[in-house]
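Protein chains: 2
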Amino acid sequence: MTNAAPAVPARRERNAVETKRRLLEAAEEEFAAKGYSGARLGNIARAAGVQHALIHHYFVDKDGLYREVLARGLGAITAEGWDILERLAPQRPRRSKKVMSPADIRALAEAFITSLVDFYATHGALLRILRHEADEHGSVAREFVEANVRPQFDEICARLDEMRARGEVRDDVRSRHLVISAVAMACYPFLEEPFVTRVWPVDVHAPEFLAERKREIAETILSRVLPSRT
Amino acid sequence: MTNAAPAVPARRERNAVETKRRLLEAAEEEFAAKGYSGARLGNIARAAGVQHALIHHYFVDKDGLYREVLARGLGAITAEGWDILERLAPQRPRRSKKVMSPADIRALAEAFITSLVDFYATHGALLRILRHEADEHGSVAREFVEANVRPQFDEICARLDEMRARGEVRDDVRSRHLVISAVAMACYPFLEEPFVTRVWPVDVHAPEFLAERKREIAETILSRVLPSRT
DNA sequence: AGGCCAATTGACGAAAAAGTCAATTAGGAG
DNA sequence: CTCCTAATTGACTTTTTCGTCAATTGGCCT
Chain A
-18 MTNAAPAVPA RRERNAVETK RRLLEAAEEE FAAKGYSGAR LGNIARAAGV QHALIHHYFV
42 DKDGLYREVL ARGLGAITAE GWDILERLAP QRPRRSKKVM SPADIRALAE AFITSLVDFY
102 ATHGALLRIL RHEADEHGSV AREFVEANVR PQFDEICARL DEMRARGEVR DDVRSRHLVI
162 SAVAMACYPF LEEPFVTRVW PVDVHAPEFL AERKREIAET ILSRVLPSRT
Chain B
-18 MTNAAPAVPA RRERNAVETK RRLLEAAEEE FAAKGYSGAR LGNIARAAGV QHALIHHYFV
42 DKDGLYREVL ARGLGAITAE GWDILERLAP QRPRRSKKVM SPADIRALAE AFITSLVDFY
102 ATHGALLRIL RHEADEHGSV AREFVEANVR PQFDEICARL DEMRARGEVR DDVRSRHLVI
162 SAVAMACYPF LEEPFVTRVW PVDVHAPEFL AERKREIAET ILSRVLPSRT
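For the protein sequence lines, the chains are A and B, in the order given.
The first sequence begins at -18 in our numbering and counts up one residue at a time.
The second sequence begins at -18 in our numbering and counts up one residue at a time.
It is possible that some hints are incorrect.
Pairs count within a copy or across copies, as identical chains cannot be separated in the list.
Only pairs whose alpha carbons sit at most 20 Å apart, straight line, appear in this in silico SDA-like list of lysine to any residue [unchecked claim]: (1) K195 - D152; (2) K79 - A139; (3) K195 - L159; (4) K79 - R179; (5) K79 - G23; (6) K195 - D153; (7) K43 - D142; (8) K43 - G19; (9) K43 - S18; (10) K43 - T178; (11) K43 - Y17; (12) K43 - R21; (13) K1 - P188; (14) K1 - G62; (15) K43 - A187; (16) K1 - A34; (17) K1 - G56; (18) K79 - G148; (19) K79 - D152; (20) K195 - D85; (21) K195 - D99; (22) K43 - D153.
In case anyone wonders, no lab produced these hints; they're calculated from the structure.
Nothing here was measured: the structure is a model prediction, and the numbers come from that model.
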């Protein structure tokens, strides 16, 4: 009643790259929450504060937007994965020379778990997209996992098997189960956040929680792996 | 060309309860795979082998069908959860009398993990629906978890805390983290099956895998929890 | 200062999905 | 055997969502 002036179009700023970035970010959230077929272009446009026609201008169609979201993230996480493995294995070249002490193993495990938890805490949205895609859409996530993360998984298992062969870890350790367990413990609070926070009201992204979580997982893995208590 | 007889309507059988059951089953799969907004009534009808108009006849609308799917499952899994806790605690009434031996604890842990893994292996679809719903739709899953599974979670944590107070488990065990870890290890292969089978080609529902998985998780939890190696 | 290019819009059309309804017919009750 | 109820269908309408297009306008270049 006072100053109802709907005629003023409220000066629109223009910035192509910024707008595109906002759209991609909004799209990542929407796809992560509802999957491909459940995502609504209207929601994405509204979250980004633009008309949905703009999506078609930049990304042609829904599929184009989806691929762009994936492309933006997949390269990064693959590189980060190999990076983690790299940093953990400066000892790799010299194989089966001297055995690692329990202290060495503890340091290795702690470094690994830290990287793993940080990884999942950071890339939750993208990983939820991959999970959706594995169910409904299909090909992209499957091929990505087989081509990029499976080699990393195999690499970790191979290192564990060598450690077991050298007697550095308990010989009833089954490497694949152990890695799956570590990944499960690390990713669970972030991929299942809505559930976790309902049974245990914590901020799973708070620094204190992250630190606690890392300690707990490292301790668990080490207990399982070390021949005797330290 | 040979016997193109599309005029024969191919005698349709009729069975209300059976058809309804088929619809609910198909709906569970569809909702689990794509969430509420991503699910298509057409897909559900086709999977059940009926016209989609029949869905409206039995369940009024999409929302009605969805609620019916949830209702069919939620009651069952709640009861099953309390059942598991019940069976694990015939010792509950007498509190802090005699302490449990490591062998007792091992038996308890193995029974718990077995129930947990079987639970997740069995109810994967429904739990994926709850996960979707937590993101997009909202209320039903949240209220269900807070009202029904949180008390179960608290109960387990309380028992663990008592055990720690009695010195039966290591005193650096944080009960909530431990339970979250156990749940994570147990559910991961089933809630993330498409991912797991891409990095490690196994049939996660095969009896051998289930047995291995249970042993591995129990061993991990026990290593973490027991004051010394057995 | 003026004009051009592209970012952005708003309205429109097409396709897909949800929901409605009258008309068929299987199968049980009398 | 017959009739009558209800399960089931197929075509229809409505609503939602995706995609297109011409028109507008902000920022930049000269």
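These are the hints, each one checked on the structure:
1. K195 - D152: between (25 Å within a copy, 18 Å between copies)
2. K79 - A139: within (17 Å within a copy, 45 Å between copies)
3. K195 - L159: Both ways: K195 and L159 sit 16 Å apart in one copy and 12 Å across, limit 20 Å.
4. K79 - R179: neither (48 Å within a copy, 34 Å between copies)
5. K79 - G23: neither (60 Å within a copy, 63 Å between copies)
6. K195 - D153: between (24 Å within a copy, 14 Å between copies)
7. K43 - D142: neither (44 Å within a copy, 51 Å between copies)
8. K43 - G19: Both, since 12 Å and 14 Å are each at most 20 Å.
9. K43 - S18: Both: 10 Å inside a chain and 16 Å across chains, each within 20 Å.
10. K43 - T178: neither (32 Å within a copy, 28 Å between copies)
11. K43 - Y17: both (9 Å within a copy, 19 Å between copies)
12. K43 - R21: both (9 Å within a copy, 18 Å between copies)
13. K1 - P188: neither (31 Å within a copy, 49 Å between copies)
14. K1 - G62: Close neither inside one copy (27 Å) nor across copies (47 Å); limit 20 Å.
15. K43 - A187: neither (34 Å within a copy, 38 Å between copies)
16. K1 - A34: The answer is within: 13 Å in one copy meets 20 Å, while 41 Å across copies does not.
17. K1 - G56: Cα proximity of K1 and G56: one copy only (19 Å, versus 45 Å across).
18. K79 - G148: Answer is within: at 11 Å inside a copy they meet the 20 Å cutoff, but 38 Å across does not.
19. K79 - D152: within (18 Å within a copy, 34 Å between copies)
20. K195 - D85: within (17 Å within a copy, 29 Å between copies)
21. K195 - D99: within (9 Å within a copy, 27 Å between copies)
22. K43 - D153: This pair counts as neither: shortest intra-copy Cα distance 49 Å, inter-copy 50 Å.
Going down the numbered hints, you'll see the structure goes against 4, 5, 7, 10, 13, 14, 15, 22, while the others check out.
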